[in-house]
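Protein chains in written order, with our numbering: chain A, 1 to 296; chain B, 1001 to 1307.
Source of the hints: derived by calculation from the structure; they are not laboratory data. Among the clues, some could well be false.
On the chain B side, residues computed to face chain A include the following (Cβ under 8 angstroms) [what the hints assert, rightly or not]:
#	residue
1	Ile1035
2	Tyr1045
3	Gly1068
4	Asn1109
5	Ile1122
6	Trp1137
7	Leu1139
8	Gly1143
9	Tyr1153
10	Gly1156
11	Ile1157
12	Thr1197
13	Gly1200
14	His1203
15	Ile1208
16	Phe1273
Now the stretches of chain B that chain A is said to cover, found in silico as 3 or more residues with beta-carbon under 8 angstroms [unchecked claim]:
#	segment
17	1020-1027
18	1086-1099
Quick caveat: nothing in here was measured; it's all calculated off a predicted structure. Virtual Cβ for every residue (Gly too), placed ideally from N, Cα, C.
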Amino acid sequence: MKGRTRYIVGYALAFIFTICVLAPILWMVLSSIQTERDLLTIPPQWIPSRPTLDNYNYVFRGIIPSSYEERGAVRSLVSQEVKQIPPCLKNSTIVALSVLVLNLILGSLAAYSFSRLRFRGRQASYYFILGSRLLPPVAIAIPIYIVVQKMELLNKYPSLILVHTAFTLPFTIWFLSLYMRNIPSQLEEAALVAGCSRLQALIYITVPLAAPGLAAAATFAFMFSYNEFLFALLLTQTIAVRTMPVVVALISVNPDVAYSLLSVGVVVSILPPVILALIFRRYITSGLVSSLSVTK
Amino acid sequence: MVNRSRRERGVSLFRRRSSTSIYGYGTIAPAVIVIALFTIYPFFYAISASMRHLVLTMPYDQRFVGLGNFIEVVKSYYFFTSLKNTLVYMLSTLILVVICGMTIALYLNSGLPGFNLVMIIILIPWAIPTVVAGITWKLIFHGSYGALNGALYSLGIIEEYIAWLSNKYLAKAAVIIAHVWKETPLVAILFLAGLKTIPGELHEAAMIDGSSAFKSFFRITVPFLKPIILIVIVYESMVGLATFDLLYVMTGGGPGDATSLIGWFAYTETFSFLNIGHGAAVSLILALILLAFIMLYLRLIRIEEMY
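This is chain A alone, in the form it adopts within the complex (with noise of 0.2 angstroms):
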């Protein structure tokens, strides 16, 4: 292509992707910013005529909108759910965070194993660890409720994570052992010939070699454990433990919801992992480029 066709074509697919992923999220966000009642007017208000913050005060702080004072509204009902959001926010991040440090830990362990050593029973473990993710979730859901209740971990922390973290292990194993794999074991070997013990190596040699795939695991554990949906609905059931995905969907499936304050909880509930994907963007192409390329 010529310069200037180039130059159009680029920059026309371009816009047409932005606004493809953008549009919706745009307008959640012009939706949070608007009364409930200048939300429902017909035609929506492209750019809100009376933007305000009282749905996020409403959310953060209890400050009940003045709008909602006002007698004969449209809707005036107030979705008091929503003042769980804040609490539920902290509950997904330290859920996933945790998920995030224990698939780093035991994934890396385990895939340098598998990546460098052999001893029997390797690629039977390898290949279970990998077929498990088949199982569709709704298939075990019940019999791991059952598991959780029986470890006395219903409604904690740890139910969810460690019930995350054995979904998401088999994909980062997967991933960090191609990642291992790829990297050159002549430092590896020099440093167990000077004495140095598997582990030190593991930990002093090949982690920092490993880290941008490192980087790239972690954020999709993060992300799985962030979205994660149908255990976080049976294994939580107060708001003490309640991951955002659940509270946002219950919210949004009661008729009676304000959509004003629903979109705020959408916001809110985007930024952690919109956030934590565009810091570690880099290493999200650039490891998978390294795993994947095992193939030549």
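Given the coordinates of chain A, work out where chain B should sit on it, guided by the hints.
Leaving out everything else, chain B in the frame of chain A:
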């Protein structure tokens, strides 16, 4: 003296090997234990539950019914509806996600102007929780306030607001759109990673030989991407077949049974009707369907080296 040192060396070699094994087992054990805890017992429980009359409202009647649950489930009206819905849903999301993902990946890999910006924002839908994406789309398709109605009304295309999610075809389309929006970015990133592993000389050589861009896509790019295409379609089939959270927030399986997919069927049998036997039977059928698809894919896409 010589003898002793040789023996010592033998011992240390032996120690070395067995210590390697011990280290190996020790390091994979924690991961295997955590995974086994939430798969092995649950798996056997699901099989046993599927063959018992297990209804939570009748706790004392847990008789063995053999394949009874499977027969009842398959004979029920909902089974074939949900099976048909699921296959349509899975195949259409799969095709759309692969096409959109590949288009974006090719664009990102082409170095055309603007790709840096797209590279950043493409990650956003991937990072958003599925239920939250579902809620966003539900509010776009909303009958009395949605953005879609608003936009069409502002442009004068419609006279009055349409309840998109109350029409059985439109509701299906809406869920598919939400699914494709959420899933495309991951697929695009995976394809992009794959494209980056293709040596540039291959395309250059093809171009010098006078092969068109279209031809070199199918002759060079696609064969190179085979393993990743396989990973993508296996993963996306899993996601599509087991879709549940989008339905939970967007349609609740409705209107009527228009969007009750098999995962939703399994969920309602288990958690709404508390019939765990039926739920387990449906879930195992779901697992078998998934397995059948994976075998089919492995036949269609032959790969010399798998990861």
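So which hints don't hold here, by number, going up? Of the numbered hints given earlier, those the structure breaks are 3, 4, 8, 10, 11, 13, 14, 15, 16, 18, listed in rising order.
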